[in-house]
Amino acid sequence: MIAFAALLERLALTPGRLAKIALLRRFFETEPDPDRGIGLAALTGELAFSAAKPGLIRALAESRTDPVLFAWSYDYVGDLAETVALMWPERRVNLPPPLLADVVAALAATPKADLPDLVATWLDASPVPVRLAILKLITGALRVGASVRLAKIALAELSGGSVAADDIEEVWHGLSPPYEALFAWLEGRGPRPDPADAPVFRPPMLAHPLEAADLASLDFGRFVAEWKWDGIRVQLVSTPGGRRLYSRGAEDISAAFPEIVERMSFDAVLDGELLVLRDGVVAPFAELQQRLNRKSPTARMMAEYPVQVRLYDILFERGEDLRVLPFSERRARLERFHDRETPSGLDLSELIDSPDLATLSLLRDGARAASIEGLMLKRRDSPYVPGRPKGLWWKWKRDPLSVDAVLMYAQRGHGRRSSYYSDYTFGLWRETEAGGEELVPVGKAYSGFTDAELVVLDRWIRNHTTKRFGPVREVEHDPQVGIVLEIAFDAAQRSTRHKSGVAMRFPRVGRLRLDKKPQDADRLETLLRGIV
Amino acid sequence: MPHPETWLQVRPEGLWCEPGGFFVDPVEPVQRAVITHAHADHARPGHGAVLASAETLAIMEVRMGEGRAGRARQAPNWGEVLTLGDVKLWLQPAGHVLGSAQVAIEHRGSRVVVSGDYKRVADPTCLPFEPIPCDVFVTEATFGLPVFRHPDPAAEIRTLLDSVALFPTRTHVVGCYALGKCQRLIRLIREAGWDGPLYLHGALLPVCRAYEAMGVPLGDLRPATASAKAELAGAIVLAPPSAIADRWARRLADPVVCLASGWMRVRQRAKAKGIELPLVISDHADWDELCATMTDVDAPEIWVTHGREEALIHAAAAQGRIGRPLRLIGYGDEEEGEGAPLVPEPVTGP
Numbered sequence: 001m002i003a004f005a006a007l008l009e010r011l012a013l014t015p016g017r018l019a020k021i022a023l024l025r026r027f028f029e030t031e032p033d034p035d036r037g038i039g040l041a042a043l044t045g046e047l048a049f050s051a052a053k054p055g056l057i058r059a060l061a062e063s064r065t066d067p068v069l070f071a072w073s074y075d076y077v078g079d080l081a082e083t084v085a086l087m088w089p090e091r092r093v094n095l096p097p098p099l100l101a102d103v104v105a106a107l108a109a110t111p112k113a114d115l116p117d118l119v120a121t122w123l124d125a126s127p128v129p130v131r132l133a134i135l136k137l138i139t140g141a142l143r144v145g146a147s148v149r150l151a152k153i154a155l156a157e158l159s160g161g162s163v164a165a166d167d168i169e170e171v172w173h174g175l176s177p178p179y180e181a182l183f184a185w186l187e188g189r190g191p192r193p194d195p196a197d198a199p200v201f202r203p204p205m206l207a208h209p210l211e212a213a214d215l216a217s218l219d220f221g222r223f224v225a226e227w228k229w230d231g232i233r234v235q236l237v238s239t240p241g242g243r244r245l246y247s248r249g250a251e252d253i254s255a256a257f258p259e260i261v262e263r264m265s266f267d268a269v270l271d272g273e274l275l276v277l278r279d280g281v282v283a284p285f286a287e288l289q290q291r292l293n294r295k296s297p298t299a300r301m302m303a304e305y306p307v308q309v310r311l312y313d314i315l316f317e318r319g320e321d322l323r324v325l326p327f328s329e330r331r332a333r334l335e336r337f338h339d340r341e342t343p344s345g346l347d348l349s350e351l352i353d354s355p356d357l358a359t360l361s362l363l364r365d366g367a368r369a370a371s372i373e374g375l376m377l378k379r380r381d382s383p384y385v386p387g388r389p390k391g392l393w394w395k396w397k398r399d400p401l402s403v404d405a406v407l408m409y410a411q412r413g414h415g416r417r418s419s420y421y422s423d424y425t426f427g428l429w430r431e432t433e434a435g436g437e438e439l440v441p442v443g444k445a446y447s448g449f450t451d452a453e454l455v456v457l458d459r460w461i462r463n464h465t466t467k468r469f470g471p472v473r474e475v476e477h478d479p480q481v482g483i484v485l486e487i488a489f490d491a492a493q494r495s496t497r498h499k500s501g502v503a504m505r506f507p508r509v510g511r512l513r514l515d516k517k518p519q520d521a522d523r524l525e526t527l528l529r530g531i532v
Numbered sequence: 001m002p003h004p005e006t007w008l009q010v011r012p013e014g015l016w017c018e019p020g021g022f023f024v025d026p027v028e029p030v031q032r033a034v035i036t037h038a039h040a041d042h043a044r045p046g047h048g049a050v051l052a053s054a055e056t057l058a059i060m061e062v063r064m065g066e067g068r069a070g071r072a073r074q075a076p077n078w079g080e081v082l083t084l085g086d087v088k089l090w091l092q093p094a095g096h097v098l099g100s101a102q103v104a105i106e107h108r109g110s111r112v113v114v115s116g117d118y119k120r121v122a123d124p125t126c127l128p129f130e131p132i133p134c135d136v137f138v139t140e141a142t143f144g145l146p147v148f149r150h151p152d153p154a155a156e157i158r159t160l161l162d163s164v165a166l167f168p169t170r171t172h173v174v175g176c177y178a179l180g181k182c183q184r185l186i187r188l189i190r191e192a193g194w195d196g197p198l199y200l201h202g203a204l205l206p207v208c209r210a211y212e213a214m215g216v217p218l219g220d221l222r223p224a225t226a227s228a229k230a231e232l233a234g235a236i237v238l239a240p241p242s243a244i245a246d247r248w249a250r251r252l253a254d255p256v257v258c259l260a261s262g263w264m265r266v267r268q269r270a271k272a273k274g275i276e277l278p279l280v281i282s283d284h285a286d287w288d289e290l291c292a293t294m295t296d297v298d299a300p301e302i303w304v305t306h307g308r309e310e311a312l313i314h315a316a317a318a319q320g321r322i323g324r325p326l327r328l329i330g331y332g333d334e335e336e337g338e339g340a341p342l343v344p345e346p347v348t349g350p
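For the record, the sequence lines run as chains W and Z. Counting from 1, position 35 in the first sequence corresponds to residue 35 in this note's numbering; the numbering is continuous, with no gaps. Counting from 1, position 136 in the second sequence corresponds to residue 136 in this note's numbering; the numbering is continuous, with no gaps.
Pulled out of the complex, with its shape left as it was, chain W reads as follows:
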């Protein structure tokens, strides 16, 4: 458990993606079975313990420590498990720290009444990081600073290039801890694990953004177009082995959308967009967000935010892999499937056939509903290729909306950007009750600027700081002195949760408007008027 605890500690503090992969890979390389597999399960959230409640930990602490000192320490550290891990009195015991696999096995087998003594024995035998990992594990509060995808990329590296992360994806949901067959496959000691009928996730095909330069060389006659809806991309997997709804990132979100899973009484793997839909009208993304924030919805939530899936593609039908077929044939199969099954709550994405550039440009620019992001262009002959192959699928987002806003606050970034002020809060003008003018914050942007612009902004912020609130700097922003940022964004929606009454979707810095003074920036009313 020592290596696992050390890994958790470093992942929690490491900002870089590559560094996280290196840490994970080393763990998988150096830890023996079954500990590394149990560790993998813990990292990917497959081990959901709530064997112990915080009350148990508190009671343990009180039995071993001075209550006054415990209270002061807890007050200082602010986290119960960490406080106990740190102040647990050291005893000289002749035991090594427990193995992760043993801890997990014992937790499953131990009656609740015996748990405190067992945990105390472990804590006595362990150094601080291991104590913390044990306490976090048994209370189900193991927050890992790495995504499941990163773990799979690290696993793929174990194979020395013969297995890709996407290959692991295709068997993943048919596996179970401690994954010994998976490790054997990756290390060339065993065959590829056969997922058989299990409802496994298939890595999705993604589109390239279409730039102006690509436009000229595109042969539109070979493409079909579809609306690009602003929901979340999902995969519906229904096999004799079970039903799952997956997000684009392979996360199992079945529990959050039970009404979709209930309707999946077919044998197929489908690709589509999850949307909140009322009377055929797609609601803005913010409404879907209400559902995404919940692990499992209440009946009221389900009624208030009714979800459906708009189908884009079919990957498997009755066990037959259709991904090698060209898009046009898959589309025909999808339409036949839909006619035959008439599944409720699943509709077909509308196709715009044989488009020409003029028609498409018109459509794209005319689409102003907040729920449409733009257009998708798919080549008729494209097979379904996992990842982001070039030239087959394009996403052609409509031109972003933009406002000129004033920089108000700045904060340092993370990782590579930790020495730069790279997170910006910006505001627009509005009239105060007293009849004056004030800036009201409307959003935050972390991207969109070039490295050169970042250097300019960073220097300006350091030289024009007026106040500091912990890591946040307030910068000068009066009508004459300040920085104007052109903010690009995809949509604006009314929001009661923001002081300004408006929430922007994906705001980013379009460019610096050093030619403008803050008094020339836009007003809040301008943004509000633009809301459809």
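Calculated directly from the structure, the hints in this document are not laboratory data. Idealized CB from N, CA, C, for every residue including glycine. Don't take each hint at face value.
[What the hints assert, rightly or not] Listed next, the in silico EDC-like pairs over lysine to aspartate or glutamate satisfying Cα-Cα at most 16 Å (straight line):
1) W:Lys395 to W:Glu226
2) Z:Lys271 to W:Asp79
3) Z:Lys271 to W:Glu262
[What the hints assert, rightly or not] Pair by pair, the computed Cβ-Cβ distance ranges are:
4) Z:Ala226 to W:Arg497: 29 to 37 Å
5) W:Pro116 to Z:Arg209: 36 to 44 Å
6) W:Arg91 to Z:Gln74: 45 to 53 Å
7) Z:Pro217 to W:Pro116: 49 to 57 Å
8) W:Asp33 to Z:Lys229: 38 to 46 Å
With chain W held as given, fit chain Z onto it using these hints.
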């Protein structure tokens, strides 16, 4: 036998010994000062006469400039008993940094020991703390909570070197205070078998040179500022805590930001400071050392100068001792270098 509280008192300038006519670690310029160690919050410039260990005086000169470490300077040998006014006084090693001393003061049959800052674990750069039985023990309490237990520093250094091996193209930049922590880290890294070059921020070099002149060899040290980015890939760079995540660090190759400090025991503190690799290495006594030292000196009274005094006073009571806070103002968080003046880095190279 007069109680020590009648002859050792807190004044705005610091701890005042009236029958001896001196202050201990005064925070403002005074006529006569006894200085426990050369950290900036204990050793201030501008005093008349200064009494301290020879090493402390030498380091004060390096940090403050020649002649600013007191107009008259006196450096007794360890344990050499002096008479000042109506008190006897001597210095004993405190184990905090090179030259750090406890001040033992006797007056009419009672003995007070002022610990200054101290630690009990072995440190290859300074003499170990020697407990002196006394009637009143004046202690620090920087890490005066039971959550602060410093692990074996050699294990922390192994963690660092292990990370260097795992990320061979990145620079490991370790934040450390210029006096004491820096040199101890270098010795610990050397003892772990790393004898290649170590790169230093310019603010750290002068004290390192002073340590070497006083017999603490530190090996191949190079200025980080003068080194090319490519040379710093895979290197270990030491820098003041204020520099590790700021503009200065941009010259480094994809740095792993490390900080060597007792505060790094608490994960949230590391996270809030953006530290990727915390190293729990401290030059202050941890909770267990603070408690054990009260027993070792067996003083019926414990006066707590700075840090988390309430918890240590609570622990003193549990040992059957009287504890009280001294509420001295001006001793800061030397561990992290916050608030302490840093020597500006000399401009060299691009």
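* So which of the earlier hints does this model not fit? -> The structure conflicts with hints 3, 4, 5, although it agrees with all the remaining ones.
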